[in-house]
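Here full-length UniProt numbering is used: position 200 in the sequence shown is 200, and no number is missing along the way.
No lab work stands behind these hints: they were computed from the structure.
Since the model is a prediction, treat every value here as computed from it, not as a measurement.
Keep in mind that a hint or two might mislead.
[As the list claims (entries may be wrong)] Straight-line C-alpha distance at most 27 Å; calculated BS3-like pairs for lysine-lysine:
hint, residue 1, residue 2
1, K394, K714
2, K459, K443
3, K238, K215
4, K394, K31
5, K445, K431
6, K125, K114
7, K125, K211
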Amino acid sequence: MPVNSLTSAKRPGQLAVSINKAINTQEIAVKEKHARNILLYKGAHTFWLAVNRLPLSSNAVLCWKFCHVFHKLLRDGHPNVSTRSVFFLPSCSSLSSQGHLSEGYGKLCSIYLKLLITKMEFHIKNPRFPGNLQMSNRQLDEAGENDVNNFFQLTVEMFDYLECELNLFLGVFSSLDMSRSVSVTAAGQCRLAPLIQVILDSSHLYDYTVKLLFKLHSCLPADTLQGHRDRFQEQFKKLKSLFYRSSNLQYFKRLIQIPQLPENPPNFLRASALSEHISPVVVIPVESSSPESEHVVETEDLVDTDIPPLPSTVDRKFDDLFGTSAATDPFNFNSQNGMRKDEKDRLIEQLTAELHALKEELESFRLESGRLCQALRGRVNELEAELAEQTHLKQQALGESEFLRVELDDLRRVKEDTEKEQRSLSEIERKAQANEQRYTKLKEKYTELVQSHADLLRKNAEVTRQMTVARAAQDEVENVKKEMQDRLKAAQDATSQQVGHKPHARAHTHTHFLCLMYPREQSLESELVSLRWAALRAALEEAGRIVQDCLNQLEDPAHISCTSSADYLVSRCQVALDCVERLQSARVGFVSDNTGELHFAHLVGDVIVQGSATSHMVPVEQADALADNVKACGAEALALLCQLKEQKSMGTADCSRLRAALDTVMALGEVKTMDFSAMTLTQIKRQEMDAQVLVLELETRLQKERERLGELRKKHYELAGSGWDTT
């Protein structure tokens, strides 16, 4: 059999021997040479086949040393150890909950197993991280894919990882009597030896969490990361204390140089503090002494099952058969051909027995080779099944990726539609707000108009009272005049009866009478005229004040928000024109009814106010023309009232210019472009209510789209977290 074949056949046996020597029940530290031999094998399958034969669940020391060796294998072994060992996670989980792990080494083993499970899960979730956690800053950025969400989740996982490391640190220290020199005893070194791996892991985890927290603080608000800062502060205090206590132990001083953390933790709220951060470096001296060099007692109670090399056995058989050469054994005279027959027979029998032994050994090697080939075929079948499963998962992932791509396209379309609806909603809200403001202004102006109308009514009542007083005086004058006429008639009748008897006396009496009851009549007549003119002037002055007050309202800034319809303006102009006609007839007949002047003033004032309010609802050119004609109408009304107040100009007063101004205002009000102002407050309110209903419907649809968007985004993040390509 070739030498290489025999050597490869011995490898599983050598691995089993190294595992048995490293993982045993003796309470001493694992020797470095045995751990190094285990690390030389790339796969984890053979390691687990050998470990599964060990009674880990029945011996806590054996389990503790297994955790130590497996930790070194995860850190310094082949990169596929973590992925290949994932199939044995259930075994580790069940082992951590065994009954014998409640105190002493058992409690430490439970903590250590939880740490190893956490470490494997971390490397499975984050395959970019090697087992020894050594990465550059660029590789750290690539591990998070420059995504703040990934960095946030990675920091949480590192916190959990470091928490398990610190728990093992504290568990080992609390189980030792630090008042004695425990680090130089075999039992103490057995417990302290795994902490070297913990120190190496913890230094890298601390460095990476500091860098990730600075990166997160540059992207997220400080309040969002308050929980991260609190958790880091707690772990910083524990790690600083544990590093300091470990550096003072004699056991670690010859094996590892433990770094010291700064006095105060980094200030993540100050970005420039990152330049002050110094990554902790753990140094393992090249010529450092290993645990096996310590002065401890160790008994080699395991049997070495290594098979001697084949070439040495063959050489020995050859020497036994043909003798050694003269150069090597000059005193061997049996090499001559004069050998006795009995000696030859004995030698033949010996060679036959050895040949039979070699055949048996060869058969044993053949059986072992067949067993190994069968095991390898089984492993190949497992790998093929795993490959088929991975291929199926890949196809399934491609299908899900295509489905998600379609969902993402739908999501983009929904987002665009949502944005359009949002813009439409904003426009509707803006219009609704404008309508609300317009309605408020109209309501305020309506209130002002009601107040103004009430004031005018009060003024009208006062003028009416004054007119009633004047009319009473006029009635008194009429009564006096009638009484005088009756007396005059009676005197004339008495005089006519005396005509025949005393013509001269009658004539004299008549002349005397005329000279006496005439001055009285003239006095009463003069008093009546004065009262009529006083009442007329009072009415005309009040009418002038009413018209002037309406003109003054046009200059009020609050009047700008007043609006009116063109139809209403035309109707008021027509009524005012009719009143002007009646005023003209009253002036010609010089009637004594003075209410006409006040009614005329109210109508003209109403035309002025409504005309100005209507000008606010029409285009600028028509608005200016209408406002100018309304003011001209007021000026003509004031001029006419001034002429009517004077007796000299009353006869020549002309209403034609006022009538022409009213005709012009009425003509402008009949223009079709003013129909825009016909919208009533009820219609505006109805439109506002319709707009509010539409706004509620759009808000409901928008909320539903947001919920659907949140569900799709959550599903997208879940798939992104599982490692599938979601681009």
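- prompt: Which of the stated hints cannot be reconciled with the structure, identified by number in ascending sequence?
  reply: 4
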